[in-house]
Structures are given as C-alpha cells and as structure tokens.
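Visitor: Sequence:
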Amino acid sequence: GCRRSLGGSVRVFVGLREYLRNRIMGGSKKSEKIDTVKTLWRIANGDERTRNNAICLLVSHKKNVLGTHGTQPDEMTYILERLVKGLASPKNNVRVGFFVCIVEILKNDRDIRFENFFNLCKAAHCSDSWKFENGDCLIGFILSLGALVRSDYSFKKEELHVFCKALVDVFDMKSYCGPICCNVLTELLNKESLLEKFDVKVFSSIFKDGLSDYSPDRLYLAILLEKKFPSYFNSSYYSEHLSIENLIAKETFVDIGTVLMKVEETLPNVHPLLKLLPCALKASWLKSFWSNALEPHFQSKSRKKINVVFRVATYLLTIVKKEKHIFSLLTSDFVGLMLNSNYKNNLDGGSESLKEFLNAFSDKLIEIEMSDAGIFGVLEILTLNSPGSLLFDAKTGTKTIHKILYASSSHVVKMFVESLKKVLLGNNTGITSSVQIKENSANLLKKLISHPALVDEPDWKSSQLLFLFTLSSFHIHQVCEHVSEVPKPLSVSLIKAVHEGFYVALDSATKVIRDMYTFLSDIVNWAKFLLANPEIASPIVKLDPEQLSLFERASHIVEKMNIKNDKKIKEELKIGFAIFYYTLSLQVLTESVDNIEATLNDLEICYSKAISKGHEDDGPMWIDVMIDLILSLLSHKSHLMRNISVKVFKLLGPFINPSSLRHILNVIKIKKDVSPLSEVESSSSSEDEDESDSDDEAENTNETVSSSDDDVDEIDPNFKESIRKALGKAAVTSEDEESLNPSDLDDDTLQEIDEALAEAFKKRGGSQPKTKKEMKAQNEQMYFRIKCCDLVETYIKSGCMTSSLTLVVLDDMIDVLSVCYLDAKLLALQSRVQSCLKSLTSQKYEDSVELSPDQVVEVWNKLRSRISKTTVPEMVQYIILGCNFVLKISTRKNISSVLLKPYLSCIEEYFRRSDTVLPFALMQNSLLVVWEGNYKIASNLAKYSFESNIRPFKKTQAINALNAYFRNPKNTNLSTGKYLKLSGKIISDAEKIFELPDIKARRKQKYLQTVLEFLKTLCAYERHQLDSQDIAHEDRWKGVKDSFSQFLDSLTHVYCNNTRRLMKNLCLVLQLPFRQLGITKHENDEHNEEEEVKQEKRNRKEKSRPKNLKLKKETKHRRLAIASSDFSFDAHSFIENEIPDSNDINLVITNGNHDESETVDAIQSGTKRKFHECKDGDIDECTPTHKKILVKPGSARTSEKKKVRWSNVDSYQQINN
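Going by the numbering used here, the first residue of the sequence shown is number 1, and it counts up by one from there.
Accuracy of the hints is not assured; some may be wrong.
Calculated lysine to aspartate or glutamate pairs in the EDC-like style (CA-CA distance at most 20 Å, straight line) [what the hints assert, rightly or not]:
no., residue 1, residue 2
1, K395, D333
2, K321, D372
3, K191, D152
Distance windows between CB atoms, simulated [claimed, not checked]:
no., residue 1, residue 2, range
4, D74, G135, 23 to 33 Å
5, K496, S632, 20 to 30 Å
6, T318, D74, 34 to 44 Å
7, K936, K838, 26 to 36 Å
8, S632, K978, 24 to 34 Å
9, K936, Y783, 19 to 29 Å
10, E908, E755, 36 to 46 Å
11, A407, S839, 31 to 41 Å
12, E858, P1073, 57 to 67 Å
13, N190, N246, 18 to 28 Å
14, E755, S839, 11 to 21 Å
15, Y783, S905, 37 to 47 Å
16, C1056, N779, 52 to 62 Å
17, A407, Y783, 32 to 42 Å
Hint data in this document are derived by calculation from the structure and do not stem from the laboratory.
Please read all numbers here as calculations on a predicted model, not as lab measurements.
Built from N, CA and C at the ideal position, the CB exists for glycine as well.
Please model the entire structure based on the sequences and the hints provided.
Guide: Structure below.
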C-alpha cells in the first residue's frame, strides 16, 4: 500500500513537472504550430521591436517543436533556405532581421553541419559563373558566412580552410565586397581558439605587388595577418613575393600615404586602418612617416583627404611619448593647413576632425608633462611665428590656445604675456601685426592678468595694468619703466580696445577690495609722474587746466587720509572713499569735468562728515548722499564703476540707517497702477502724498476718481462700439439706464455674448508694439533694479542689518515679487528678488535693537492677507516663507506669543471653512520652529484630526503634521508633561482612530497608512518618555489595543504590502496575534492601486475629448473586450516568451541599425543586444534594450526589474511569486 501511494505521488509529480515544462516551453499542444510565412514577414519588418519578437518566436518554435525530431524536418530546411536567400535583399532591415535569425538558429542548434549550410549558401547566392552574379547576391553570400562566424561555430581545420578560401575569392570580385569580407575575416582572426587551425597559405592572395595599388581594406588585412602570423609573413616572405623587406618600413611610407588617401569615411564611421596603422609604427619613425606619407597631401584640394589627414594625426598622438615627437608634427605646412581648414559647412566632417585632433593634442601636452620651454615653444609655433596666428582659436573654432594657457605654469604665462606686449607695440618681426591681431592680443592679455597661477603675484599684475593704462591713455615718446619700447602709432580702434581691456583687467584682477585700492593707487601715482614729464609721454586727450586741477585735488585728498594708522572700521571706510577718489581722478582723463566736479564736491563733504562724526545712533546724513552717489554709479556704462559701487557699499554696511535703506527699496519697488517698467523717479515718489485720513478720503472720493480719470487714456470709440454690439440687449446705452441682470438671460444667450466679447477683445489685441528705443530703456530700468537688489543682498549678508529692518525689506520684496509674477518681461528681476528673499530668511540676526510686537503682527497679517489676493500659486510659497521668518524673528525677541492667536484663527478657518484658500503649509511650518505656541497648535490639530465632519485629506494633513512634530525632540523635550497629556488625549479616543472615511480604496489605504505611522511614532515617544519597553500592558493603550483588534477582525479588503507591514509592526508592539492578517491573496492585488490611478487618468482624458471621439473609444473598448473575453494573464506565458527552456543558450538579437548605406553594421552590431523580461503576456511587448541583458538561467546577471527563479520550480505558488 505504501509502495502504491509512493508510486502515485511520483507519477503525480512527474505529470506536474511535464505540464509545467510544456507550459513554460511552448504552451499547450494545440498551439504548437505557427504561421511560418507570416513570422518571416515580421522578421523583415522595419520596426525593430516587431522584428526582434518574431525572431524570438521563430527560434523558440524551432527549439521546442522542430528540434524534438531526430533529423531536421522539411520545415526547418525551408526556413533556413528562406532566411539565407533573404540576405540578398537590397533592404537593410531585411538583411539585419534575417542575419540575426540565422545566427540564433545556428547558435541554438549545433547539429547543423558546415557542409550542408555552406552548400545551401552557395546554392542560394552563387551560380556556375560568379562574374555574372550581381552585387546583392555576393553581399548575401558574405553575410551568410558571417552569420556562421557570429554564432561561435566550432570550425574544423578542413572547414576553416574552405571557409577562408571562399571569402578570399570573393574579396577581389567587387569593390564593395572588400569591407564586408574584411569585417568577417577580422572577427574570425580575433578568435584565439582558431589560430592554430588556420592554413596561412590561403591568405597569400591578399598580398600583391604594388603596395600603392592596395585598397584600405587589403592593407588593413595585410597588417592584421602580419600581426597574427609573424612567423610566416616576415621579411623573407615579403622579399620573395613583394620585393620589399617589410610591409611597414620607411621605404613604404609614400605608398602607405597613397593608400590612406583612398579612405573616404566621414565621422563617425572611421576606417579601422586609421586605428591599426599607428600601432604598427615605431615612435622613432614618426617624423619620417609624417613627412613622407602625409605632408605631400597637405596641399590637396579634396576636403575628404584633409579629413583623413586629421584623423591619422589624431591616432598618431597615441604613440607620442616625448617632446620632440610633438614638434615633429607641428610643421609649418601642417599649421597652415589647420588655419585654413575650418569649413563653414560641416557636411564632410572636416571641422569636427580638426577639433577632435586639437582636443587630443592639448590633452597630450598635459599627459606627457612637457617642460615650460616646450609648452612656450608650442604656443610660439601656433600663434607667434608664421604661419601661426594669434587668431588661431577663432580660425579653428576651438579653445586650444586658451586650454593650453590655462594649464600652463606662471613662468609660461609671463613669457607669453611679454610676447603679446611686443605684438601690441608693433615690434614683433616674427608675425604680421594687423589691427585685428593686435586687438586679439589685447584681449588675451587682459584675460591672462587674472590667470589662476598668478593669484599671489600682485606686483606683476600691477605692472601689466600700468602697461595697459599707459598704452590706452598716453602717447609714448621715450622708453620708460613699464613700456620697454617706443610703440608705433596706434589706431583709434586699437586704443579703444586697449582702454576697455584695461578696465576689464582691473576688475577681474581684484578679488579683495584692498587689492583694488593698491592697484588704483599705483595707477594714479604713475599718471601723475607721466603728466609731470611730458617729454616721456603726453595724454592722448588734451587736458585743460581745470581737469588737471581736479586730478591733483582728488589725489591730494587721498594722500592726506593716512589710512594705515586707523582702526579697522575707519580704515575700511577710508579705503572706500579713497577708491571713489581714485576712480574719479582716472575719469577726469576721459570724461567731462562738470559731472565729475559735482560728484567730487559731494564726496568731499561726505568724507569730512563721516570722519568727524563716525557712525552714530541717529544716522549721519552723509550716508544718504553716499547712497545717492552709489545709485547713480550703478547706471554707469563702465562695468568697473558698477562693481566698485557694490564693493564700496559693502564697506558702508555699519553706517547704513533705515532711511538710506528705504531709499534703495523705493527704487526697486514697482507701482501696480502704472507700467511695471515705469521710470525710477515715479517709483520712488514720496509716501506722504498717499497718506491721508480715512475721513478725508471719503470726502474727496469724487475728486480722486475724476483726477485719476484724467490720467487714463481715452478708449478707442470703435472698440466701444464693438463691445456694445457684442452685448446686444444687455448693453447700457445711457448713464440713467440700469444694467440688465444676467439671471434674466438664458444660457444660450449668455454663451453667445461670451463668444462675441471674446472676438471683440481678440480683434483689439494687446498694447501697441514699442520701439527698440523704448524696449532698451525698459531693459535698462529693469537691470538697474537688479543692481539695487544686489546692494540689498550685499547688506543682508554683511551682518549689519537689524531685525526691524528685516521686516521692512521682507514686506517690500514681497510687493515687488507679486508684480514680477504678473509680467513675463520681469523674469530676470523676479529671480533676483527671490534670491534676496532666500538670503534674508536664511540669516540669523542677533542684534540688540528692540522689536515692536505691533510691527510683527502687522507684517504677519499683511502677508496672510496676500494669500487670498494672489492668483499665482508660486507666490504662495514665498509668502509662507515670509510668515515663517516673521515667527522666527519674534521668537528670538521673545515676543512670539502675539502670533499665537493669528495662527489659531488660521487653523480654525482651514478646518471649518470649505472655501478657504489658506494653505496647510502655513500652519505646518510653524511646528518646525521651537516657540511657545507649538503646544497650542499641536493640540488644535489633534482636535481636528479624528473628527468625522472634517474632510479626509485635511485629516491626513493634520496627522502627518503631528507625526513629524512628535518625531522632533527639540519640541517634545521642552515640556514632557504637556506632551504626554496630549498623546494620552489622542489615544483615549481609540474608537475614532480606526474609523475609516467612506472614500475610494486608494485614498482610504493612504489614510490608514498615515494613522498607523502616527501610532507607531506615539509608541516610540511614550517608550522614551515613560522609560517603558512594554507599552502593550499600559492602561492608556488598552483602548487602542482593543480597537485595533476589532479593526483587524472586520477587514474585508486586501491592502498593499506597505500597509500590511505597518499593521504587522503595530501588532508586534501591542502584542496582538498576527493571524488576523492571514487573508488569501487575490490575483493582481498588488496592482490594484496602480490600476485605479490609471483608470482615473483615463476617465479625465475621456471627459476632455469631444463626444464623437469618446463614442469611438467606447466602441473600440467593447470590441476588444469581446475579442479577449476568454483571455487571462498567466505567468507561464510570460516565461515561455522569454526563455523556452532552462538549458537554453541566450537569445540574442540585433540592435536594428536602419542605416541603408552601411550593410557592414549588420555584422558589426548584429548580436550585441539581448532580451529583457516582458511586462505582460504578449510577446509583441518584449522590447530589447542596450544595457539590461537577460542571461541564461543560473547566471548572476539577471534583470533588475523582475527576477524569476529558475531552479527548484516545484509548484504553481513559486511561479506566481
């Protein structure tokens, strides 16, 4: 009896195993047959995914059905014959699909004999007379042999001889057969396991006399064969057959260069000969190869040949190891070729090949660690010596010179700067010094002054600045200290370029304000010396006595300052004034005296008041004058003057008072009743005109309206008439007539009026287009406001701002931001204001100035009221940021209690009113700040968290906020007793906690997760505070334990894994048995939530479509539902479409290259991409990818998205898992 039962169990197990195997491998026996012809058509499809799926299906069918017989059935022979013949198709997608399919069949069926397959290929593509065959058949024959190589077929020695002989015979038949034969033979020769089986004599026909007549493919194969079989193809062989000693030698370089010029490939299809040839050369041969093989073709007019030259030069850099090799490449002819080869159109890849060479060249200079003399020599060849040019980067379209200079040492930079100075002076005989070249040298010089390697050399920087200043402002008559040679007369454009370069260099060379003071001091003293010695130099612009007196006056004031002997604050203040004086003294040499004299007088008064009074509490008036001066300099055309204004403003930080800061803010503010880009003067009008009592406003309402109506432009009468026609009967024809009530009109009439009004406004259009001059003026005003924002941010970061001033800045910046959001032209100003707000709210202000509680409440209420007025959602987050900042400021001043009542009223409004626009983040962010109102806010949130009349999403928000709050120890550790009382109050209402709202399943599940997470946090908090590890036995948790147990017993819905995990954790904490969760898992349960989300999106999409499209969509859905009524998803079909058998070798497919011009790609990349798992049961949805590769069962490299267990598959449950 035991034996019979055991035997029955074995039979049941064997039957189950066979059933599973059939399901995994090929489905039921009823579906063994496939439509072969249809599948072959799908393999020839142009769509890559369709083609790959058809290949997988055919190979799987062949393995599971046709391969079960002892011999090959007729159907398999028919399939192979069709596939081999299909390789002669002129369509590239057919060749790719059939080639990969043949590779897969040969790889999965090792019983196919070489003789049969070779005869099949020969019969399909070759007749008795080969010369009468067309090119497609020859290509098909080569591809069929290539499929045999790609399938890793294990050749025998005799088979390999026949195979190689066939390819070598085809090699010379047609010119287009060479590249494909070359690819197949290259892949064959790279298989190390076959090297001993080769009959080398079969390749003798590759080597012929006349090396110059070789094709690139033949030369490539010859070099490769010499590398693989050096004992056979040696000097004796070459002497006997080719009459040369070696294939690659100095005597053959001329012929090799001729062969190289036959390569007409363009980027990115580079012939393999260009990569292989440098590997066969010695470094000592580089100069000879360069001069004999490549230089004769530098003068060629063919751009394709020039392209080949640059590609060969790029690969030759791989064998460069020494400096002398670099100089052997930089011949005068090659430099001239580079300067003349930057083609405007890049159809042939010439420009790209040149850029590729120059990038590799600059990297090679860094790699071999050339000496300073070597790098300077390279720079001389490329820029200073003929045919080089300082416009090298401009002509080649690269940044080669900049890149080399940036990586050079300070010594190289100094030597190059001296050479540039000689070019500017016009005394460099090695290069033609045109005006454009001199301007470019000035441009390079101003950049090199701020080189990173010269950061710690201020004396050298000062010398170069003095050189530029002298050359731009004076005519040199004699050799002086900073000008070593008397320059030739400079053109007006060159003087202007040097002058601009001087100011740019002065600005970029100074990272610290003290360096600016030092440089300006040296420049002014040097200018005084030159003015005192006219025999050495004379000013380019003649100076009258008034200008000279102003220059002397400004420099004399600075000399009396005695900066070094003062305290730090006064010293910085004097440095700021000295920089202004020095800058104005330099401006005397180029600008009119009137503007400078008035500015100098104001500066002198401000300096005397600042030094005599210092920084008093009431704020000296001189700071207001300085702010006006700085604001005027912000609109200066010179970038240096604008930067100096910002840097000096930073030094004035300790002296800025509220009135001066208000003056800057008034400039930034934009009035809403005028154009956003109104004049600065109108935006900074006094506030006294707007202030009046409410009674006066009520009395003068009519006057105000009438006066404002005068300023409004008159409306176009044609537009008025179009509006009246659009309104129809609803239009008001006279002032005494009452307007019609819209409720008296029906819906159709209202819709007609809406359409007519829209058409009328559309015809009117927007405002009239503005002229370029007006647009330029508006942009200048916007950028002026941006510079003022820079001043405000500089003052914020200086640490001198008080808490009361922060509230003023916050209020005004929010005003400006609200206007910026309404005008797309103010986007730059908007981002700058946002940056100021972030800087303002991130700083800590530890000042001793008292803060008024009324001011705090006023600013906070004003910000809150803005939330209901704003129409821009992005604006709300900055308002909330401002409210939170006001709370932090009041907390530091110990007056935060005044904000408790406003916050509680916001909570009441949010939870009680359904039409509120207040965001919950306003209250939630207040819990992140440690202040005395936290407990009250948390208590109110707890009160609304579990009320039945509160909307579920608001309850979820409140629970999440409490969860984050109890996790923050900074809040709960302040008063432990209060928070234990609060947590006890929450868990006392245990029945309300697990009352789930009547909402959709997905949202209900989210709400339940929030509740479980919150209870977990409360457990952890009470464990910590009560020092108890056994929460389950606490009396206060008994109600929660009972309610949760009842909730688990009443479960009817299966939840997702996250919810189950949270339930399990809470059960463990409360010591509840876990049996309540043993619910049977339904099919596709884990996808319930995802499907519900997708269905909601589909519903919204269908609602937005027209009715006729919706009906068509519904009809299509019904038709598909009827067609698939008997279909159900099965895990076995998912597995069978990927891997037919657990012992299969990988199924590989092509990358589907659709390039019609290159059939070689079918071999080069035909089997490089593999399958990943399908997401559903249809094989058409299985998509190949580049990187995600599914390997054979048992390997560690499985797909990351879904891992399938292949071993020990004993039951349906494991497959489902």
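Visitor: What hint numbers does the structure not satisfy?
Guide: The structure breaks hints 6, 8, 9 and 14; every other hint is satisfied.
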